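There are 2 protein chains.
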Amino acid sequence: METIKNSCGRILPKYIEGYGEVKPFIGAFETIPDEEKEIQVKCGYGKPGENKFVGTIKEALLKSGIKNGMTISFHHHLREGDEVVNMAITAIRELGIKDLKIAPSALFETHKMILESLKDGTIKYIEGSMNGAIGRATSEGKLSGVAVLRSHGGRVRSIRQGDLKIDIAIIAAPTADIYGNANGLYGKNACGPLAYSHADSLYAKKVIIVTDNLVKYPAIPVSISQINVDFVVVVDSIGDHNKIVSGTTSIQSNPISEKIAKFSTDIIEHSGYFKDGFSIQAGAGGISLSVVKTVGELMEKKGIKAAWANGGTTAILVDLFKRGLIEKLSTCQAFDLVSVQSLKEDPMHLETNIDFYANPFNKGCLCNLLDVVILGATEVDVNYNVNVNTHSDGYLLHGIGGHQDTAACAKLTIITVPIARKTNPIIIDDVTTITTPGECIDVVVTEVGVAINPKRKDLIENLSKTDIPLFTIEQLRDKAKELAGRGYVKPKTTDRVIGVIEWRDGTVIDVVHQVDLN
Amino acid sequence: METIKNSCGRILPKYIEGYGEVKPFIGAFETIPDEEKEIQVKCGYGKPGENKFVGTIKEALLKSGIKNGMTISFHHHLREGDEVVNMAITAIRELGIKDLKIAPSALFETHKMILESLKDGTIKYIEGSMNGAIGRATSEGKLSGVAVLRSHGGRVRSIRQGDLKIDIAIIAAPTADIYGNANGLYGKNACGPLAYSHADSLYAKKVIIVTDNLVKYPAIPVSISQINVDFVVVVDSIGDHNKIVSGTTSIQSNPISEKIAKFSTDIIEHSGYFKDGFSIQAGAGGISLSVVKTVGELMEKKGIKAAWANGGTTAILVDLFKRGLIEKLSTCQAFDLVSVQSLKEDPMHLETNIDFYANPFNKGCLCNLLDVVILGATEVDVNYNVNVNTHSDGYLLHGIGGHQDTAACAKLTIITVPIARKTNPIIIDDVTTITTPGECIDVVVTEVGVAINPKRKDLIENLSKTDIPLFTIEQLRDKAKELAGRGYVKPKTTDRVIGVIEWRDGTVIDVVHQVDLN
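Chains as they are written, first to last, in this note's numbering: chain F, 165 to 682; chain P, 165 to 682.
Treat the hints as calculated values from the structure; they're not laboratory data.
Nothing here was measured: the structure is a model prediction, and the numbers come from that model.
Heads up, some of the hints might be wrong.
Because identical chains cannot be distinguished in the list, a pair is counted as satisfied if it fits within a single copy or across any two copies.
[Claimed, not checked] 25 Å max Cα-Cα, derived BS3-like pairs, lysine-lysine: (1) Lys654 x Lys206; (2) Lys457 x Lys380; (3) Lys231 x Lys439; (4) Lys262 x Lys469; (5) Lys227 x Lys629; (6) Lys656 x Lys619; (7) Lys508 x Lys231; (8) Lys276 x Lys380; (9) Lys201 x Lys369.
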């Protein structure tokens, strides 16, 4: 097998069956698009008197011309409460369609019925995040083709640029009208934005809306537009929006989190970015959320207001917004129902689609203007490379989310991690998988102390004057080993590539190998 | 010159210099797009730390790479109050750029300074509506190239399909932020939607926002998105939004209008479409507005509610909406400041872009669902063909607006006209210019009486039972001649085509010849 080394030092196959030629990662902003490259959209046609109503998902799939080998996309706004992926895959299996590529923005534990479809050949490829069971199965080689993981921004980039061509987009819609306008703000399963599906609706050949709340025309607001929708299917239930809240989206209260939150807040305060009109985003991890809470307390104490915050929005952000500490909120994903409610009722709370939020190849995404982001990790290494995809046992269990997008763009990127998890050291010599390269990371915060990327001399200078316990990353690595009681043990894997980790620009930053169960 | 006859019987050149090959109109819904046709968009690129701010329009034009022969587009939401077209053309003349095609959604009397640019070779082609002075000059041969007129929907279709390729879109924005997000809801010159520019922003190679109200990021709502904007220019004033209201957008109270409104309302009531949940749109003409008012009174009296109305929105529609007689309002253009205010404060008042509203070549525009539309005309002929572009003296003085789009799609299309204007009969044998073909017109209402298109046997049956004075269209023609005191006199024109009237699907329904001043 011919290989190539990317600029993070990862050895990659030059060609991956089912993925194609590997363009190696060459730096966070080094791959520049051909601005003249033409994005292609089908025009479609609809005239008066035509009806988009279709009785069942199966019928809609047939009318969409479903065939073996097609690519079908989904969104994950309902997270663990989504039922539409399962309904669609069931219909597809009944139709006997094989070798599909599915392109969900993310899959969850609730979609584990899909495992049967990996076995029987219904699904051959997955391009999208895989949380839990499906990632586990993929890691063990149960997906016959290869999985491709992209950041939120990278997914939209790949759709707009034609790397990911979607044949049929199936969009779970908490509210829709007869002509396909849809939103996530109303209905028994209101989930907030329909941001993940926005690009799918624009660029997929056929678009199917699946709703459990059909309202009079026109459904307002128009998150998904009728001009892009082919069929509308009404079902009893698209799932259960109460399950939007999950472990990764709720605050953690324990001594480790509190310490990390305290250090992070001190860093933000003295970073030079903490001033009126700053902007902030926090990932979904419990620690990140704790940081938002303590930063909010600091803002109130110091009389500092943020111009805007972006989410993955939670009740914590909404609370700061309602109290006037954040002037405007922008939301691509609601992590709880308080956020959904605010998006519905607050005019200065903006639903943003993912192109707007994070696509590196448009005329400017929101991430480009972000001051501070607080993110999590499964591992961090001495080159500040961050892993969020695999665990130290080699299993691919998480998606990239907005990690790459925000880390690359924000002026201050803070990674918050416990220094060890059980017997796993978290700051190590070399991460199992590189999700985000060290060049994008400014500060690593653990409960034991903080390491600042040496390239950020300004931050080192500002933070040296404080009582934040600063260490080199190598010192943190040593402490991690000490606390875990053992060093990092590289997981045993086979030669087979089961997952490709793309950088947001479409180059490959790493690959994931099948775990070796022998 | 080789000619070809379209299905309305118009003899057209097969080829028009500066326009190209003429595709003849073959019927309102006969030209079907290739659904697989690919629409092309440039991807663009913007990264952190880059700034979109530019000091002047001239500098923004230079940075956009302005060159001789390019196509520059504008919107007309500010109508007679727009200053941005004039500022841009002034800058372009100072740069010495020649042979431009300008593609405004419409030009008004306030843009008459442009006449100098026709003379000095700055502007060679106009693709867009021309109201008043510029239409007059074009009719007299003062535009060296040809003008192309399209309906609102046809304009977006032509942009999406690549018939009209825009190099630089210049967008007057009542509110914008540093990254190019813009809307028309806030600011000293709030004009309502920015619907006309939406397609321009998506498909133009370069996009320049010109604003007089820069707000903190992000400007909410996002009518024009940062992801499509290259440059932001701040000026003292983009114009005067008080001049949005004009002669064609205010109600007329006179015996003729009142009679026409009464007949029209009776027709709607007995048409079969007047029931709970119906939808309605009215054109900008004074008579149309009078009809809306009387229909509103009828709705109140009969306890009938409309599900939605679309505008060109005026205070009259907003009043019905606020009183609950119309459940939802959708607006592509605000005809007064009451409408702007409502769009800002009423959640069930939707800003719709023109693709959504009227493009015939997408998966379904709003017009397709319209029940009743009330429209005006400059002339109507015995084949029910309607002219809204030229006057009987042959001068091209008005745009098409949404006339074709709504007439083609609505279940009931009512044309309201006085039977004569001064000594001009309005119902005639053959209209000077065909804008909308007779096949799209259901009823013609004059103050003298009403003619129903014979193909609408259902309407004839329903309305025969009422006391509405029904005539054949030929009878109305005769009455028109009698009241005008003379028959229709065909204007003297030369052989030169100065204007192409496209049907919304891109075929040519008619051409306009230069008036013969000899």
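Right, here's what the structure says about each hint:
1. When the C-alpha separation of Lys654 and Lys206 is checked against a cutoff of 25 Å, the pair qualifies neither within a copy, at 47 Å, nor between copies, at 44 Å.
2. In this assembly of identical chains, Lys457 and Lys380 lie within 25 Å of each other by CA distance solely across copies; the values are 24 Å between and 40 Å within a copy.
3. Taking the shortest alpha-carbon separations for Lys231 and Lys439, neither the intra-copy value of 55 Å nor the inter-copy value of 43 Å comes in at or below 25 Å.
4. Within a single copy, Lys262 and Lys469 get their C-alpha atoms no closer than 54 Å, and across copies no closer than 50 Å, so neither meets the 25 Å cut-off.
5. In this assembly of identical chains, the alpha carbons of Lys227 and Lys629 never lie at most 25 Å apart, being 66 Å within a copy and 44 Å across copies at closest.
6. Proximity of Lys656 to Lys619 under the C-alpha cut-off of 25 Å is found in neither arrangement, the shortest distances being 34 Å within a copy and 78 Å between copies.
7. Proximity of Lys508 to Lys231 under the C-alpha cut-off of 25 Å is found in neither arrangement, the shortest distances being 39 Å within a copy and 46 Å between copies.
8. Proximity of Lys276 and Lys380 under a CA criterion of 25 Å is satisfied in neither setting, with 35 Å inside one chain copy and 44 Å between copies.
9. Taking identical chains as interchangeable, the C-alpha atoms of Lys201 and Lys369 lie at most 25 Å apart whether they share a chain (20 Å) or sit on different chains (11 Å).
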